[in-house]
Structures are given as structure tokens and as C-alpha cells.
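Colleague: Okay, here's what each chain looks like letter by letter:
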Amino acid sequence: MWRRLSGILVVAGTTALLSGAAVPSQEVKQGGVAVDGRSPGAQAVPEVRRAAQGVIGGPHDFTLATGRARDACAACHVPHVLGVRPVTHAGGSDADAGKDGETKAASAAQGAAGEDPDVAPVAEAAARRAILEMYRMTGQSPAHEPNRFTPGATSLICLGCHDGTVASSTIGTAHAMLAGVREGFEVPDGFVWRDHPIGVPYPQGERGYVPRSRVEADGRIRLPEGRVECVSCHDPHNAAGEPYLLAMSNRRSALCLACHEK
Amino acid sequence: MKRQNVKTPQPRGAGEREHRSTCDARLEAGLSLAGCVVSVVAAGGAMFLLAGCASDGVGNDRRFEPVTFRAESGELEAVVRGDFFEFEPGRDRAPKPNLLDRIIFGERRSATRRLRTPQGMTFDGSTLLVCDQGGPGVATITRGDSAVRWMSGLGRESVAPLDVCADGSGRVFIVDQVAGVMCSAALKEGLAGGWEILLASDESHRPVSAAVSPKVLAVGDARAGRIERFDVATRRRLEAIEYGAGGARIVSPTGLAFAPDGSLLAADAVQGVVHRFDAEGVPLEPLGRSGRGEGEFVRPKDVCVTRSGRVVVADAGRQSVLVFDSRGRFLIEVRGSDGWPGFTMPGGVCTYDLEAGEDAETGVPDGRSGQSREFVVVADTLGAPSLVLVELREMLSGGEGR
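Chains A and B supply the protein sequences, listed in that same order. Just so we're aligned: 106 in this note's numbering is position 123 of the first sequence, and the numbers increase by one with no gaps anywhere. Just so we're aligned: 77 in this note's numbering is position 93 of the second sequence, and the numbers increase by one with no gaps anywhere.
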């Protein structure tokens, strides 16, 4: 009884946190990057709220399972300032950032708060980056053999669970899409090819395919770095509320036809 | 049925892979132009083009260079000693063998079928068993045997194997996400027939991991969120474990291992912790915690315990392998570095020990080496090398490994 009650309280608290005004204020505090009295994160809030509404209560909401409110997002995202890469000076690159992105939001904050006019644009850019980084993925590195069909960094987040252990498998049963990872999609005898590959470049300009600009126009279908990944067909936040977390309705093959011209 | 190339666009870039991809692209282009031309032509073209690729491949002249990670305390070092790249005989040139190759295949290597997405593994004597959903099946690799064999004649095929364990007396337990936990008592006879379903995968259960001690078989159930236990001798169900220390709920026990003292470790990929239980299932202090700091876990998928009691955890989220001592103190994290690209998605880990006087490469007693050596084999589910060999070495005073 108590466990169930506490679970409900956790979800309720998470919902309030993510849908209420607490979100932007927390962003500003965590990132410490308010610019001209307005947080660059303010534009991101509706998107965050929309994403949160789709996640809560859905299959990617781990709060009931773990009893930790932060698991509504932290399963895939680096929470709060931990995701902010250090931004120190003009022209500073991310190259020296920690691979895990552990910290140093303070440096971004200091840059943003600086009053030197030469620094201001840099600070503003840093601020924007800091807010964006706040919600970044956990930062996987893709498979390291060059020039090979491999799942991209975003798909590795999905596959970290969807390998049949934590969640349903995309390897052997449902999609069988990874059969070609080691062979460049050469499929062996008798292998049942059921579904769509990932990690492949979108065939921009090829006959039979919708131009990439049109595919991505309304933001529902995403092609990270121009490649077809898990998030091209699925929205882990379930914003559209479609079965199987599809990015959009597949009624009359609408999702397929968003890319494939028939 | 002939091999077929699925019509997907090929990546662009330099190197052997690009050349191979170009060949595939040529093949596809040929197929497109031919339109309705029958597959005989395509097959002929494929043979021609593949022959053109025969001198290139993943193997080439790649030579493995060991990479060393040292614990800050200076008491232990982990040396990445070898990896296992797949190649196709007749198409790819064989890579120069490293220690893992030689342990697995001896001096001759002739891979017959590739490991695609290796996950759970175990050593049973000198045989390494590897679960591979992409196979699909369980690969059996006998040390120095120069071949990868696949379990066949199971009576009930394992279609999506996730984990495997063996009790050392010929019994093998396979966790298949479709069938459930299957048990066979015939490893030494080639696993022919005799499979028994111990815990079926259904609406209530989804077995994902297993470990066996002389008395108890433990099975991680991701759907029920608990660890089922069975008496190995009678197959009688024992009391399940649902909570870790402090009442922490078990959510996704994706990796299980028994320590030499009989205690059970359970990697919980969602909770980001390694639960520990004594031989009776009573919770002990857990190992690590969820987080991205030193010795913390993001997505711990599998765990194993070495003979000396060290705990090794494969973390798919951190893309690394973490080593702890028997008391739970973090020692080393093995991950990509300047000299080594690291893991992509480590999904399985098992120990491999060499007895004193045993040859490191063949396992044959040679009477030369005076000390036993601890190795860990890591299955990189999506990495370019499918298996990676790491040696754990105690440091002598003065910071020198032996």
C-alpha cells in the first residue's frame, strides 16, 4: 500500500515539476545562464513540457519502477548541470570537454554573466549551448570501426535497453535490423529480414525518396546527422501518442510514405 | 538460397570498408540497371565483384597493441590484451592473431560463422559459450579448437539467447527471451536433445539472465522484477528475491553472478546498481550506485566475479567495464583511451582463468609459468570487435606488474 502510494506521489511530483513553472526557474538556476532577463531555455520549455507529458505514465517512465522521480528523464538524459559542457572562452571548443560531460556549468554561467561587451555574444552563445546541453542524451560514442553501418549515438541509447534485456529486443526478434551491423547488411541464408535498417545515411537525392528537407520539415521525423536512426520512426517521448511510440501516425502508411515515394 | 544484399544505401568514406561498400553499391547499381534481369546475372556480378574485394577486408595488417589501465591505489592493473575481429575467409584477409585469437583458436583460425551481437557468456571448462541473438544461437568455442561451432540439434531451438551459464558438470542453462530458461544436461555430448523449460517466458515472466552455483540456479526476471531461484538438483523453486538492501526494488536484473563465497550479485540495469545477496538470498550492501561519477553505473548489464573475488561489471551506458575489489571498492574503469577505441556496448562479461603452469595461449600445461592469471572476456554487443580480452594483474610494490 505504502509503496503504491509513494509511487503515485512520485509521479504526481514529477508531473508538477515538469509541467509547472518550476521548470524554467530551475533551468535558470541550474544553468545560471539568464541573459537579458530572459533565459534561452524559455523557448525550450514548451518542448520539454510536451515531451514530459508523453513520457509520464508511458513505457519510458521508470519512476514507478525505481521510485526515483528523476528517472522520468534520467534514464536517457544527463540530468541538470551534469550535462553542461565547460564553455570557457571565445572560440573554445567542445573538444576538451569531458566525455561524460561531467560538469563545470559554473564556467558557462560566469561567461554569461560577464559584462564585457566583447564577451557578451560569446556568453549568449554559451548560454544557449548550456541550456541545450542540459537536455542532451547521455553521450554515447558510436561503434568505432569507420565506414561501417553502425547505430548512431542516439540509437545506442535505445539499444542499451532494447536488446532483449531491459526491454524488448530489436536485435533478434522484432526488427532484426542489426543483423547487418557486422556485415554491411549482407544478410545470410534463411535470415528473416523483417524491418528497417538503422545507422544508414538517408538516401538524399536518390530516386524513390522524399528530399530530406521535406522529411524533416515538421520536426516529427528526425534524421540525426543525416542518418536513419531509431528516432526517425519512433519518438521516445511519445508526443504523438501513437502505438509503438511512432513519431507520427502510420495510418495508410503515412509514416513510411514520409520518406519513401511510391 | 544465395546471399543477398539488402537494398540500403552504403556509407561513404575511405578504407577497406569503403571499397567493400563500393562493391556492394556497384552490385546494387547493376541490379537497378538490369531491372528485371534475372538473378542469375546478379549472382554472377556479385561473384565477380566479391572476388574483386577479396584482397581487402577488416583483417588486413591490423596488429593489436595492449593497453594498460592502473588503479589509483596502485594495487591492480587491467591490460586489454586482445580482441576478436570477425572476418570472412576468402573475402577478408585474416587479422594478425592477438592473444584472444590464440586462446580461442590456437594457431589456426577459420571462422565459420560470425558472432554478430554477443551478449551473455560463460566458460565451461575450456569451452566458451556465447549467446548471440543475431546468429541466432549459442556459439561454442573450444579453446585452441580453431573453429566457432553453433549449438544444433537442441530439439527446441534457442531463437533469441540472452544469457548462458554452466554448472561444470555438463548441465547448461540458456536464457532465451522467447522460450524462457532452458536446461540441458548434455553439454559433453554436444547438447543433443534433452532440453527442459524451467521458467517459460510469458505474460508474467521474462527471464533475461542466469547464474548457477553448485546448489542454486538464479534467474533474473525483468518482467516480474525479481530473481527466481531453483534448487539445481531437484529443480524445485526456492523463494524468489524481490528487494535489495534498504528495500530497494529489483527492477531489471540483467546480469547475475555467484561469488566464490556463494553470495549472489545482480546487475540492475535500470536501478544502476549491483545488488548483493548472501547464499540464502538475504540482501547485503550493494555495489556502486547510479550516476556518472567514479565507480558509479549508468546501465550495468552484466557482472562476473573472478576467482580472487574481484567484481567486474559491464556498463553499456558508460561504454566501459568497471572493476571492484571483493569489498566493493572501486579500482579501475576500462574504457576508450588514446591507444584503444574502447567498447561500443559491452553487454556481457565472464572470467577466464589460467592455472599456474598453463600456457596462456593454448591452455595446455607447460610447466613454465609459475602463477595463475586472471582474464576477463567482454562481449561488445555492437562493437567492431565482438569480444575483448582483459587481463587483471596485481601490482607488486613499486608499481610494476608481474
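Since the hints were made in silico from the structure, they are not lab data. Values in this document were obtained by computation on a predicted structure and should not be read as measured data. Do not take every clue at face value.
[Said to hold, decoys possible] Simulated restraints on C-beta separations:
no., chain 1, residue 1, chain 2, residue 2, range
1, A, A136, B, R291, 45 to 53 Å
2, B, E49, A, E208, 26 to 34 Å
3, A, A136, B, V266, 37 to 45 Å
4, B, G109, A, P42, 52 to 60 Å
5, B, P244, A, P226, 46 to 54 Å
Yeah, the Cβ is synthetic: ideal placement off N, Cα and C, and Gly gets one too.
Colleague: Each hint should be assessed against the structure and marked as holding or not.
Modeller: Here's how the hints hold up against the structure:
The supplied range of 45 to 53 Å is broken by A136(A) and R291(B), whose beta-carbon atoms lie about 37 Å from each other. Taken as a hint, the range 26 to 34 Å holds for the pair E49(B) and E208(A), whose Cβ atoms sit roughly 30 Å apart. At roughly 41 Å, the beta-carbon separation of A136(A) and V266(B) lies within the given 37 to 45 Å, and the hint holds. Between G109(B) and P42(A) the beta carbons are some 41 Å apart, a value that contradicts the proposed interval 52 to 60 Å.
Hint check: P244(B) to P226(A), Cβ distance near 48 Å, so the stated range 46 to 54 Å holds.
This entry does not satisfy hints 1 and 4, going by the numbered hints stated previously.
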